[in-house]
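Chains as they are written, first to last, in the numbering used here: chain A, 4 to 204; chain B, 4 to 204.
Just so you know, these hints were derived from the structure itself, not from any lab.
Some clues are possibly wrong.
As the list claims (entries may be wrong) - Restricting the straight-line Cα-Cα distance to at most 30 Å, the calculated cross-link-like pairs of lysine-lysine (BS3-like) are:
#: 1; chain 1: A; residue 1: Lys27; chain 2: B; residue 2: Lys56
#: 2; chain 1: A; residue 1: Lys56; chain 2: B; residue 2: Lys55
#: 3; chain 1: B; residue 1: Lys164; chain 2: A; residue 2: Lys55
#: 4; chain 1: B; residue 1: Lys139; chain 2: A; residue 2: Lys27
#: 5; chain 1: B; residue 1: Lys55; chain 2: A; residue 2: Lys27
#: 6; chain 1: B; residue 1: Lys38; chain 2: A; residue 2: Lys100
#: 7; chain 1: B; residue 1: Lys38; chain 2: A; residue 2: Lys56
Predicted, not measured: the structure shown is a model, and the values here were computed from it.
One letter stands for each residue in the lines below.
Number of protein chains: 2
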Amino acid sequence: MQITSEALERVIEELARLPGTGRKSAQRIAIHLLKQNEERVLTLAEALVQLKKAVKRCSVCGTITDSDPCPICSNEKRKNGSVCVVEEFQDVYIIEKTNEFRGRYHVLGGIISPLENIGPDDIRIKELLQRISSGKEEITEVILALNPDAEGEATSYYINKLLLNYDVSVTRIAYGIPMGTELEFIDEATLSRAFASRTSF
Amino acid sequence: MQITSEALERVIEELARLPGTGRKSAQRIAIHLLKQNEERVLTLAEALVQLKKAVKRCSVCGTITDSDPCPICSNEKRKNGSVCVVEEFQDVYIIEKTNEFRGRYHVLGGIISPLENIGPDDIRIKELLQRISSGKEEITEVILALNPDAEGEATSYYINKLLLNYDVSVTRIAYGIPMGTELEFIDEATLSRAFASRTSF
């Protein structure tokens with residue numbers, strides 16, 4: 004096979020390395036870009052460069068941000084005493100979409116996992132305790148919103164134990180039947196959890 | 004919803020405009036890139052810039068190339084008298100993959116389509132006739148490899164008619180039953196065509 008454009012080939016190769024993009028879709032995207040005007044492609048390239056140059060971690064909550072502290076940590080209206088603890092910055096995105104939670108976040112940047120050799124000191128638990136004890140944010144409630152798997156459970160348990168020494172209430176988001184489904188499609192673990200966590204009507 | 008990083012948001016928006024990439028996959032790709040080291044992302048950005056800077060059309064055959072004439076048109080070994088006429092440069096890619104055709108190409112850059120107001124003068128038919136009459140490439144055979152649809156058929160017919168005045172043989176690639184399928188899954192138009200184009204055993 005004779006490749007007539009190395010430049011096109013290089014773009015296809017780079018795109019094919021992205022998650023969920025095989026060689027065929029990489030080829031389709033590259034050909035699409037080739038047909039776009041130059042400005043459009045340069046905008047995408049520039050956005051990618053900025054992604055690595057501008058984006059950093061918020062020194063307070065650990066989420067990704069262009070400015071430190073992040074817009075949530077520097078917004079006084081979000082200082083309502085509640086801090087929601089999540090595993091990764093994507094979770095901040097997901098929770099923000101609900102427009103339900105009006106407090107601040109704390110991104111652990113990982114989860115306790117003995118199998119992967121990640122201990123409590125490898126994630127941002129110390130920083131959470133410091134935020135609480137400094138008193139600056141007048142934190143009164145810590146909401147644990149970790150994934151409902153073994154590591155998430157263990158990490159929640161560990162953090163809850165540490166927080167017993169602090170004057171904050173610790174809650175966790177409800178795990179149960181998702182909205183809009185039918186009981187027959189729910190797995191047993193979720194159903195058991197829904198029973199154990201039943202609330203008064 | 005509070006967006007904590009405009010830079011990330013911009014990348015997601017740009018990626019979501021690519022074909023076959025919805026907002027969800029754009030988000031997944033953007034987050035993936037955020038986690039890559041800087042060099043990796045800059046390589047992708049640079050490849051995109053080069054795509055628009057380096058890639059042009061071959062002045063002989065019309066395919067995309069970084070150098071003009073393209074590697075196929077400047078390769079003396081590919082000057083075997085055969086020229087394969089295709090609609091777009093992607094077709095060159097597809098045919099090159101088979102390693103079957105060892106001649107050169109002629110990219111029309113479109114197809115005759117009265118509905119879309121594309122006439123014979125809007126595609127590179129003149130250039131094909133010039134390549135043949137100049138005698139430089141000693142062209143003896145023109146292979147039509149257009150798509151087997153109404154426009155492709157009409158364009159093939161039109162080119163064939165023009166080439167009657169030239170001392171070249173005109174062939175077309177075979178249309179028929181694709182390899183590895185079973186007859187019961189073949190549509191009637193293809194089957195009719197396969198009968199009409201039957202060859203001696």
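How the hints compare with the structure:
Taking the CA atoms of A/Lys27 and B/Lys56, the gap is about 23 Å. The hint holds against a cut of 30 Å. Only pairs whose Cα atoms come within 30 Å are accepted, and A/Lys56 paired with B/Lys55 is accepted, the gap being roughly 23 Å. Proposed proximity of B/Lys164 and A/Lys55 is contradicted: the alpha carbons are some 57 Å apart, above 30 Å. The suggested pairing of B/Lys139 with A/Lys27 is violated, with an alpha-carbon distance near 37 Å, which exceeds 30 Å.
For the hint pairing B/Lys55 with A/Lys27, the CA-to-CA distance comes to about 20 Å; that is within 30 Å, so the pair holds. For the hint linking B/Lys38 to A/Lys100, the alpha-carbon distance of about 22 Å falls within 30 Å, and the restraint holds. Note on B/Lys38 and A/Lys56: the hinted pairing holds, with a Cα-Cα distance of about 13 Å set against a maximum of 30 Å.
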